[in-house]
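Please model the entire structure based on the sequences and the hints provided.
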Amino acid sequence: MKSPLIALSLCLPLAAAAQPAPSDWQAVLAEADGQTVYWYAWGGSTATNDYIAWIGEQVAAHGVTLEHVKLTDTADAVTRVLSEREAGETEDGAVDLIWINGENFVAMKEADLLFGPFATDLPNYDLVADDPVVTTDFATPVEGMESPWAKAQFVFMYDSADTEAPSDMDALLDWTADNPGRFTYPQPPDFLGTTFLKQVLLSQVEDPSVLSQPVEDVDFEAVTAPLWEYLDALQPNLWRGGDAYPDSGPAQFQLLTDEEIDIAPSLSPGEASTAIANLQLPDTIRTFVPAGGTIGNASFLAIPFNSGSKAGAMVVANTILSPEAQLRGQDPDVLGYGTVLDLDALSPDTRQAFEDLDQGIATLSPDALGQALPEPHTSWSDAIEAEWIERYGAQ
Amino acid sequence: MRSRPSGSSVTARSDARARARVVPIILRLLPSLTLLAMLGPVAAGLAGAVLPAFGHLPAAGFDGPSLVAWERLFGWAGIGEATRLSLTTGFLATLGSLAIVTLITAGWWNTRVFGWLERALSPLLSVPHAAAAFGIAFLIAPSGWIMRLVSPELTGLSRPPDILVVGDPWGLSMTAGLIAKEVPFLLLMTLAALGQVRARAALELARSMGYGRVAAWLKAVFPQVYAQIRLPVYVVLAYSMSVVDVALILGPSTPATLSVQIVRWMSDPDLAMRLVASAGAILQLGLVVGALALWRLAEWLVGLWGTGWAGGGGRGRPLDASRPVALGLAGLSACATLAGLAALGIWSVAGLWRFPDALPDALSLRSWTRHAAGLGDAIGDTALVALSATAMALLLTIGCLEAEFRRGRTIGRFALWLLYLPLIVPQTAFLPGLQTFLLRLGADRGTLPVIAAHLVFVLPYVFLSLGDPWRAWDRRQAVAAAALGASPGRVLLAVRLPMLLRPLLVAGAIGIAVSVGQYLPTLLIGGGRVATLTTEAVALSSGGDRRAIGVFGLAQTLAALLPFTLAALLPALLWRNRRGLHG
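Going down the list, the sequences are from chains D and S. If you want my numbering, it's the position in the first sequence, counting the first as 1, plus 10. If you want my numbering, it's the position in the second sequence, counting the first as 1, plus 16.
In case anyone wonders, no lab produced these hints; they're calculated from the structure. Only a predicted model underlies this, so the values are computations on that prediction, with no experimental measurement involved. For every residue, glycine included, the Cβ atom is placed at its ideal position computed from N, Cα and C. Take the hints with a grain of salt, since some may be wrong.
[As the list claims (entries may be wrong)] Only part of the chain D face toward chain S is listed, based on derived beta-carbon distances under 10 angstroms: (1) ALA85; (2) THR89; (3) ASP352; (4) ASP354; (5) ASP359.
As structure tokens, this is what we get:
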């Protein structure tokens, strides 16, 4: 009778080692030492890639080696974890950390593919602002299953040398009629492209509150009718007549620089300033928010259930929440992302450093950005994307 | 030969028997092992696509058989367009490159101009498809280099025109990019074939009878050459129909080509989409098989018509008017790739470069230093995969050729077909299934599976490149060495391999270039953890950062070109005191 008990007692610490307890941070640090973390993150933005490399230098101090696996689509990482589980790989999967939000997060959370909750136990989480953008992701409660690292709000970039900023979404439509071929958006299912569609929907729908419900619960056709009406009017006046679209948000920089277009959407208020600093955009680019406001959301980090380096991944997530890393991320010369920290929770010096940060010439002040509108329920993205592809993506 | 004693044939036969007895077991197994390494993954991949295509993928909760995958495939709004694109780009690119190569050799073979063109086109063979495609995209886009050079002076434009060039819905830019890359390939294959046929004699005879230069070639030489390059032409057709990286860079997106869509379905978070991807893979295979059959039929019809045309006795002198056209087209194809690479180079060191400036405001090494770390990692992975795959391919190839030599048997027509099979079966048809198959084995990531997947494509090229020089080696050297007491193994290591150093290095360089250029096998089999210069460059293309693309595209090209330079320089250096071995 003794031996099973001994075996059981031997198993317990082993199980604990395989699943580090986020609340015991010293143990996490000890376990992380020597681990290699494969961070699956979209690799299309040079600025982000550089920032991730810098984070890698920071976590090296804890003995963590960070490898950035550059994706063309975050869904690739989700597929990877999903297929590993199907194949019985539950101990040491390929993915240790994913840059994630929205539908991919919800898909993974609902399929029990995530490790956690861990985020609220990270030491630096105490500094994070208590903001709905950070605690819910596309109307789904985060519940500590992913750790925030940057805030974003949808804006439009425009070339002030060529045009004035339209005042609202209807004025944008009129502007494209007067300036055919000078506006475009990334091709859905690109994240920014889909966000643009949701932005149009939010601006055109009579009662935005229906969008917080799952698509199945509402009359999709009736609710989205004004969206398709808007897009049908927009379509012939798009760049290339809507026969081609940029692959991604940053791909629009080249089009703006080349004078191919004058207005394009952007996912973060500081992105344009960063691109100007990197010579990817001319310094005449500015941003605007149409009257009525724009969608805001946050970027998160999640750890798959089968990561073999969960402790290392948590160290990375915690490092990104450090005031130093957040300050660097907000610097338009580096990344230009909005910080997720609560400035009031910081030491006076650090707070001053954030306030002194030159936001860059193309970045709007918090007042001009206004309060971000909530993302529609996650089910809207897929539904709108599928309908868009049907209507415009596969003529 | 005539001076040898009359009993030589008897001795040769008993020699062969004696040799067969001493062929070590490992050497006897090598040909089978080679076939397994080359065709095993293709077979496993195709098999891995069939079951899911018919609704059987227990991992995703589908227990077939059912037609759900096909219903969803044909329910996709873009299926008609994507199918048409696959067929038109395939046929246009193959016809275009074959026509250019045939006309340029017909019109200019054995002239000084042809020599220049050959020297300009040969290095382009090793330029990876993705790099060439990037270069051409930078060149022909409405805001590309050509427009910049002529604007605003000639066009009066200070803004690029809003016309769809790169990514046009008919796939014409993509076809042009493919033609520019396939012309060097078919030209080199044609030159190799010319060594096998009596081209000069046939040509001179026909011309002495008053045939025009081009007509003489087409009537007397082309049929012999075509018989030799038929398989490479099939490779071009199958490749052009199913290519992914070039289609991502130059192809349309509303909708994308069938192969691009298959890769998208493979990466959908919804595992059920793998069924659709598998059905798409089978459809892609069917399209290629159908297109090859159609091409074969056309060969037969052209042959029928051509026999009559050749027998009709028309001297066809007016056909010589095609000579300048052929020269123009071949020159254009070489210039497009070269100028494209130059554009890549300039973007990689460009400061701000706005339209319509012909050159950037300032030059800087900023992009290179910025990407130095990422570039270093990618070069490491690229070199590891390319060198391992090429070393294995060389080892297997040498083993097969040596076994063939010692047994006194050469490979037949059937074996040649087998060798070409991995190049003809579309990558998108078997790689998705191979990934699913490896996943089940739990061996679906890391460098090793990627090396094995690269080997599938590296092996045929290494074998085809090394086979002829190997067989052309003067076997009396072996007899002399054996007479001095050397064992067959020693003959191989101490005599044959050193003498064949140059072809060995060239075969190795080709193997490395093939591996460096692989996009889909690295992406699908590596699970993202193996990042080569090619996958990094294509991943960057979605971000549209021309400087970053310039850096990685150029690095990718250099990685493929460097081994050829070494292959050209090393023998002269190593054998500086052995003049006879320089050739």
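To see whether the hints hold, each was checked on the structure:
no. : hint   : in the structure
1   : ALA85  : 5 angstroms, holds
2   : THR89  : 5 angstroms, holds
3   : ASP352 : 32 angstroms, violated
4   : ASP354 : 36 angstroms, violated
5   : ASP359 : 30 angstroms, violated
Of the numbered hints stated above, those contradicted by the structure are hints 3, 4 and 5, listed in ascending order.
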